[in-house]
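So the sequence lines, in the order shown, correspond to chains A and B. With the numbering used here applied, the first sequence corresponds to residues 1 to 239, in that order. With the numbering used here applied, the second sequence corresponds to residues 1 to 408, in that order.
Just so you know, the hints here were simulated from the structure itself, not pulled from any lab data. There's no promise every hint is true.
[Stated by the list, open to error] Just so you have them, the derived chain A footprint on chain B, three or more residues with Cβ under 8 Å:
(1) 314-324
(2) 332-342
[As the list claims (entries may be wrong)] Below 20 Å or equal to it, Euclidean Cα-Cα: the simulated EDC-like pairs (lysine to aspartate or glutamate) are:
(3) A:Lys178 <-> A:Glu188
(4) B:Lys398 <-> A:Asp224
(5) B:Lys328 <-> A:Asp76
(6) B:Lys253 <-> B:Glu271
(7) B:Lys328 <-> A:Glu120
(8) B:Lys398 <-> A:Asp58
(9) A:Lys33 <-> A:Glu20
(10) B:Lys328 <-> B:Glu6
(11) B:Lys8 <-> A:Asp102
(12) B:Lys253 <-> B:Asp264
(13) A:Lys122 <-> B:Asp242
(14) B:Lys238 <-> B:Glu248
(15) B:Lys398 <-> A:Glu82
(16) A:Lys7 <-> A:Asp102
(17) B:Lys19 <-> A:Glu144
(18) A:Lys123 <-> B:Glu6
(19) A:Lys178 <-> A:Asp218
(20) A:Lys7 <-> A:Glu35
(21) B:Lys19 <-> A:Asp102
(22) B:Lys179 <-> B:Glu152
(23) A:Lys220 <-> A:Glu203
(24) A:Lys7 <-> A:Glu144
(25) B:Lys328 <-> A:Asp77
(26) B:Lys398 <-> A:Asp77
(27) B:Lys8 <-> A:Asp224
(28) B:Lys328 <-> A:Asp224
(29) B:Lys22 <-> B:Glu6
(30) B:Lys328 <-> A:Asp58
(31) B:Lys179 <-> B:Glu168
Ideal placement from N, C-alpha and C gives every residue a C-beta, glycine not left out.
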Amino acid sequence: MNVIELKDIVKLYDMGGAEEVHALQGITMSIAKNEYVAIMGPSGSGKSTLMNVIGCLDTPTSGIYQFNGVNVSEMDDNQLAEVRNREIGFVFQTFNLLPRSDALHNVELPLIYGGVPSAERKKRALETLDHVGLGDRVHHKPNELSGGQRQRVAVARALVTRPSIILADEPTGNLDSKTGEEIMMLFEELHRQGNTIILVTHEADIAEHAHRAVRLRDGKIETDEPVRKRRLQAAGSAS
Amino acid sequence: MHFLNELKEGLIISYRAVKANKMRSVLTTLGIVIGIVSVTLMSTAIEGVNRAFDRSAAAFGTDVLYVQRFPWVGNEDWALIRNRRRIEAEYATRIERQSMLSDYVAPVAATRRRVYRGNESVEDAFVSGTTHQYMNAAGTTLADGRFFTAEEGNGGRPVAAIGATIAETLFPNEDPIGKVIRVAGHPYTVIGVFEKQGGMFGVFTSDTRVFIPLLSFESHFGGRRRDVTIQVRVADVKQMEDAKLELEGIMRKIRHISPGKPNDFSINQQELLTQTFEPISLVIASIGFFITGLSLFVGGIGIMNIMFASVTERTREIGIRKAIGARKRTILMQFLIEASALCLLGGFIGLMIAFPLSLIVDQVLPTAMPVSVVFISILISLTVGLVSGFLPAYRAAKMDPVEALRYE
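With the rest of the complex left out, here is chain B:
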């Protein structure tokens, strides 16, 4: 009861003090405002980058291994690996036959071609030739229609499953299913549309890809000299490492690599990207929190400064309060509340500025201001208030009532 009374009194006093010095209060909180805006926007941006990355990474599937000529990441000497032999599409059948730990295998050959229909066109679409197994071996799903069947695939039929962006561009107002598109001049009938994936790196998503049967791909775009990726889906995610070792063994056998010689192929997986990305995310976060920390520090010094001024200005008031029975603790609390109230004011102004800005960020990088950041901001503001308010409040609390009353 007593404590609550004093708390209430402290809030009333702070309210009056802030109201009496509106301009000064707002200017004082500027550092806090900037700090909160930066922490909020930074978290929002990191959230956006993470979301984009997760979407992109999800496109690869956590349980899919990619047998390719070159590694996605790594620091192998380019001179040593650049003469590696091509990966052939026919490996897929042999891997499927020999592997115990994987359940689906699909070869994917790719090229970049112009895809168009009437006046609408997509330059540089990723055109991929694969087998009907692709849908089983990849992490993507169809939004509409179907993927091609084994018969269509083996027969090299002119059918295509297209990415969401391609569908939107070529068919702005129509259902693409059953319509004919042209891939570098060759007509293909659309039988399926992929779900939109988004993601920040175009190559990672299925949005700008066109899938056609491998046989059609080879006959139209000359598959013989093209590099192929073999996607292998592992039956049990828990056995990823074993599956990778098994795949390595099968590949070495296929490629006739003698024991002791290094691999002349790479087995890639999503994890590699995640591992590469994490430090990047960390760097963004560190820079963000450095800026935030710096502005909050400067903001805190500002609050401390103004609180010292406020304590000096109100020496007489402190004397009066002490004369009529305010204890040290009461005075200390009063000024701590005032400093915290100033910082909270700054925090709220900061959030009010940051929210519309986060909507702008959302336009560039799909994201949302995390709810937790609102609470964190309030907590940070309170903490800065308490820390920077302590010294001035302590000075006020230990004032001698006689001298304070005499102060002019």
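For reference, chain A alone in the conformation it holds in the complex:
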């Protein structure tokens, strides 16, 4: 079954007066379980809007969005919050960790909002931090961690609820290329473990890590095709 099913998704932004911006002009696509998809496109192509819609941060103006077979395009704010909490793990370019909380608390946060009892919460958060290789940094605050480590905390926070999709928005944009590569290896590993990953990026070499690339231009899908693996050594070392 498809995790995500988009049908004729249109998003209009009313800029005041008669002026309207067509950010998305009829997007139809589906993403199956355990796919690794890159959404690409230049700025202004609508990829951020598409990410917001897929991430249930925003609702489409028209069209149908089915998430695990449930129509989310007509949900209210609270229902959307619940979907985000349980089904979607976000990884942002700027990490977006809470600065005053340590790594453990940052990772626990989605579980707090999900109503998970505190003992289980802590156990799962610690396991997940261990999983991303930060088992020895759980009580460090974001400003005591390197960029790569911060992004690993963010990945742990995205994973801890065992979501249906991981939605990563330019996850390597604020990292040097070596650290960025390490994060991409982590995504590769998560994908192999069965996670569904959607990667939003404008960098072609980052998108190459995905197995399918969707290119947007002017709010429409330009191409949607499998990624040709040029960098066999990267794939080889990951397997």
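Keeping the supplied structure of chain A fixed, place chain B upon it in accordance with the hints.
Only chain B this time, still in chain A's reference frame:
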């Protein structure tokens, strides 16, 4: 469970936010601090005034009527009443004989004299001449010794029962019973000491009074031209009004007042004072609560202001929280908790400042900070927090996650 988790999370966040901005938080709560200090001190002061008044009023006894030339309070034209005839001590026996509703009657004549013993003295003590019935007709009790007997009273013996303040002044380290004091030069043997009454109006208490037999009083201080108060104790408090009417009738008969003519005497009672005092107490309370209300209002505006600033500063944090699943309600609660926590902090600081101040007030006016005021303060702080925190919290709760995440 879910709610408790969110509550706990809200408390942790508030704690971190207050800790991160210690100075700002404390300054913000200043209005609340002042409000709580003022409400606390005002209640303490009112409590003190009430206590003092109750003690003073109790000295009169709730069941005692005072027949006197002039009223205690009232707005009768002084020109019309100033020529009233004196009240004579001998009325007491006639009232006692005729009244059905009262059980004890005592005449009291008073003057202000110097009372001394060796080098210790009390200027202007209230020296009262009365009969042995006084103890029955008044609301006072003796701490030590006894009052004079009928024989001592009728014989005009030089004996005295003295007030607590007089006893303390003249006998700082001794038992006064059996010792001789001098009242304007005349020697009197102390046979009893009254219990301390306190009270804010000196004249109301027995503390600075010296009671001697009426006959001795008259022979030493010339009772013939002196005005007398007749204290009448009513047998049953429930029949106060009837007793008052009866007493009025007896007095009119004694004074030969023809029907239709106004009374040329007054019957006073404690209630009159209580009635006069209540509005005073109300005025003190109103001023106090006006100041409190004003500072809490200003304090609340301060909290609202800082919460708006806090919400704006943390727009991105709100976006993150919303992205990972915080509902509107959760965000609303988080900021309400933060505002309430700030106000509670102010409330506690206020109580901490007010408590030592109330001990200072206690030195001037015996009182104690009422326990209820602590709870009321906490409740007020919480309410101010919830009310002033609501608008900022609501703004935070309804933020659009996409825009909040984009905020720099």
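How the hints compare with the structure:
1. 314-324: holds (count 8)
2. 332-342: violated (count 0)
3. A:Lys178 <-> A:Glu188: holds, 15 Å
4. B:Lys398 <-> A:Asp224: violated, 36 Å
5. B:Lys328 <-> A:Asp76: The hint holds at about 11 Å.
6. B:Lys253 <-> B:Glu271: violated, 25 Å
7. B:Lys328 <-> A:Glu120: violated, 25 Å
8. B:Lys398 <-> A:Asp58: holds, 13 Å
9. A:Lys33 <-> A:Glu20: Given that 20 Å is the threshold and the Cα spacing comes to 35 Å, the pair is violated.
10. B:Lys328 <-> B:Glu6: The hint holds at about 12 Å.
11. B:Lys8 <-> A:Asp102: holds, 16 Å
12. B:Lys253 <-> B:Asp264: holds, 12 Å
13. A:Lys122 <-> B:Asp242: violated, 79 Å
14. B:Lys238 <-> B:Glu248: Holds: Lys238 (chain B) and Glu248 (chain B) sit about 17 Å apart, inside 20 Å.
15. B:Lys398 <-> A:Glu82: holds, 16 Å
16. A:Lys7 <-> A:Asp102: The hint is violated at about 41 Å.
17. B:Lys19 <-> A:Glu144: Roughly 19 Å separates the two Cα atoms, so the pair holds.
18. A:Lys123 <-> B:Glu6: Holds: Lys123 (chain A) and Glu6 (chain B) sit about 19 Å apart, inside 20 Å.
19. A:Lys178 <-> A:Asp218: violated, 32 Å
20. A:Lys7 <-> A:Glu35: holds, 19 Å
21. B:Lys19 <-> A:Asp102: holds, 15 Å
22. B:Lys179 <-> B:Glu152: holds, 17 Å
23. A:Lys220 <-> A:Glu203: holds, 19 Å
24. A:Lys7 <-> A:Glu144: Measuring from Cα to Cα gives roughly 44 Å; hence the hint is violated.
25. B:Lys328 <-> A:Asp77: Holds, because 8 Å separates the two Cα atoms, which is no more than 20 Å.
26. B:Lys398 <-> A:Asp77: Holds - the C-alpha atoms of Asp77 (chain A) and Lys398 (chain B) are around 9 Å apart, at most 20 Å.
27. B:Lys8 <-> A:Asp224: At roughly 46 Å apart (the allowed maximum being 20 Å), Asp224 (chain A) and Lys8 (chain B) break the hint.
28. B:Lys328 <-> A:Asp224: violated, 37 Å
29. B:Lys22 <-> B:Glu6: violated, 24 Å
30. B:Lys328 <-> A:Asp58: It holds: about 15 Å lies between the C-alpha atoms, which stays within 20 Å.
31. B:Lys179 <-> B:Glu168: Distance ~13 Å between Lys179 (chain B) and Glu168 (chain B) Cα, so the pair holds.
Consistency with the previously given hints fails for numbers 2, 4, 6, 7, 9, 13, 16, 19, 24, 27, 28 and 29, ordered from lowest to highest.
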